[in-house]
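Peer 1: For this one, chain G is given, so just place chain S on it according to the hints.
Residue numbers (my numbering), protein chains in the order written: chain G, 1 to 246; chain S, 1 to 190.
Certain hints may be false.
To be verified - Straight line, CA to CA, 27 Å or less: simulated BS3-like cross-link-like pairs of lysine-lysine:
| no. | chain 1 | residue 1 | chain 2 | residue 2 |
| --- | --- | --- | --- | --- |
| 1 | S | K143 | G | K175 |
| 2 | G | K176 | S | K143 |
| 3 | G | K85 | S | K152 |
I should point out that these hints are in silico values taken from the structure, not numbers from a laboratory.
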Amino acid sequence: MNDEIIFFIDGVQVTGRPGQTIIEAADEAGVYIPRLCHYPGIEAWGSCRVCTVAANGRPCSACTQPITTGLVVENDTETLREYRKSIIEMLFVEGNHFCMFCEKSGDCELQALAYRMGITAPRYPYLWPEREVDASHPDVIIDRNRCILCARCVRVSRDVDGKAVFQFVERGPEKKLTVNAEARLKDTDLDVTDEALDVCPVGALLKKRVGYAVPVGERMYDQEPIGSDIESNTDAAPAAATEVEA
Amino acid sequence: MSENGKGTVAAKPRVATTSLAGCFGCHMSILDIDERILDLVEIIDFDKSPINDFKVFQEQCVVGLIEGGCCNEENVHVLRDFRKKCDILVSVGDCATMGGIPALRNTIPLEECLREAYVDGPTVHNPSGEIPVDEDIPLLLNKVFPAHEVVKIDYYLPGCPPSADALWAALSALLSDEPVELPYSLIKYD
Chain G
1 MNDEIIFFID GVQVTGRPGQ TIIEAADEAG VYIPRLCHYP GIEAWGSCRV CTVAANGRPC
61 SACTQPITTG LVVENDTETL REYRKSIIEM LFVEGNHFCM FCEKSGDCEL QALAYRMGIT
121 APRYPYLWPE REVDASHPDV IIDRNRCILC ARCVRVSRDV DGKAVFQFVE RGPEKKLTVN
181 AEARLKDTDL DVTDEALDVC PVGALLKKRV GYAVPVGERM YDQEPIGSDI ESNTDAAPAA
241 ATEVEA
Chain S
1 MSENGKGTVA AKPRVATTSL AGCFGCHMSI LDIDERILDL VEIIDFDKSP INDFKVFQEQ
61 CVVGLIEGGC CNEENVHVLR DFRKKCDILV SVGDCATMGG IPALRNTIPL EECLREAYVD
121 GPTVHNPSGE IPVDEDIPLL LNKVFPAHEV VKIDYYLPGC PPSADALWAA LSALLSDEPV
181 ELPYSLIKYD
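Excised from the complex, chain G in its bound form (with noise of 0.2 Å):
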């Protein structure tokens, strides 16, 4: 039984396993595809399409396509950045993102993509919509002007903490987060201790009493862009190193 699927990204050889989607061989090759949906360990959304590659040369997002051998991967190109940045200048514009007070700034994946991409405005006009802010929780707040759908809590909520607490309803630009309840977040059997609340990548789920615990220059992305840990992993494969003619 074969159980290595070797493959190319970028022109280099990375070796994973049958099973495997691009995204997750990527990542143990420690080769860094930008993504903001995904989360490791829970199911692939393939939503967001920030993980945008070429495979063979087709646009599919690496978090849900698998891994074949030979396959030829294309990430790090002019044409997939310019891509990936759009989607986050789009994300910027479509929601209300006021970073200066906002409790996730710093440790927000949406905010350091933009930064990794070098973003310094986004190319688009605002929309300002109107959203919903639920606080009705003791010890969680809900703020869908943050919200970009990428639905990590939906996720988490139902196939980790078994309680499926979020769900989307409507659709296009009238899609939005809401709660299994008759009426708002206090109405779940949401807890503070799920863990759907720790794979928000913005500030749109949030713990109260806890916001700007760390200083700025010391949370999570102040130092170093987001996908250092990934492209400092040390476990890659030897493989990975090969350059392959193109």
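Peer 2: Showing chain S alone in chain G's frame:
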């Protein structure tokens, strides 16, 4: 652009600054370049700016620094004037680049904002219930607009405020005709 054509000694490049719908925090950050401000005034002259309190433009400027977005018609007027009088316009700070704190009102109808401020607010004492309207008060816009949704902006320095180092890096690059390329540590939105 700074030559006035009068055959006098070569003039220093001129820099203008303004605070539109901002809090002057970005101007504080300009002052926060500390002793480097002595180097700065060696190589530039400030034109219209709150720093020297010049109310009108003296000459065409090389660089204009815009703090704040546009929340009223006067902001739009000043910003358009800056676009005409400055070769390079830089949005300085989150308010200029995305509207910032003033833009928090963008999801609330303007009339509701005014009623809250002048009639319904818990600390308001206004027996007549009137909302101020006067030709001397600039009309509020329906929404707060980032500077680049009103005029063309050439460079952006996000941050609340952008750090003195970010401002210094950008100004140094612009005044030496180099592209503004901020390193990771200087692009911050907070």
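Peer 1: Run every hint past the structure and note whether it holds.
Peer 2: Quick rundown of the hints versus the structure:
1. S/K143 x G/K175: Holds, at roughly 24 Å.
2. G/K176 x S/K143: 24 Å, holds
3. G/K85 x S/K152: 21 Å, holds
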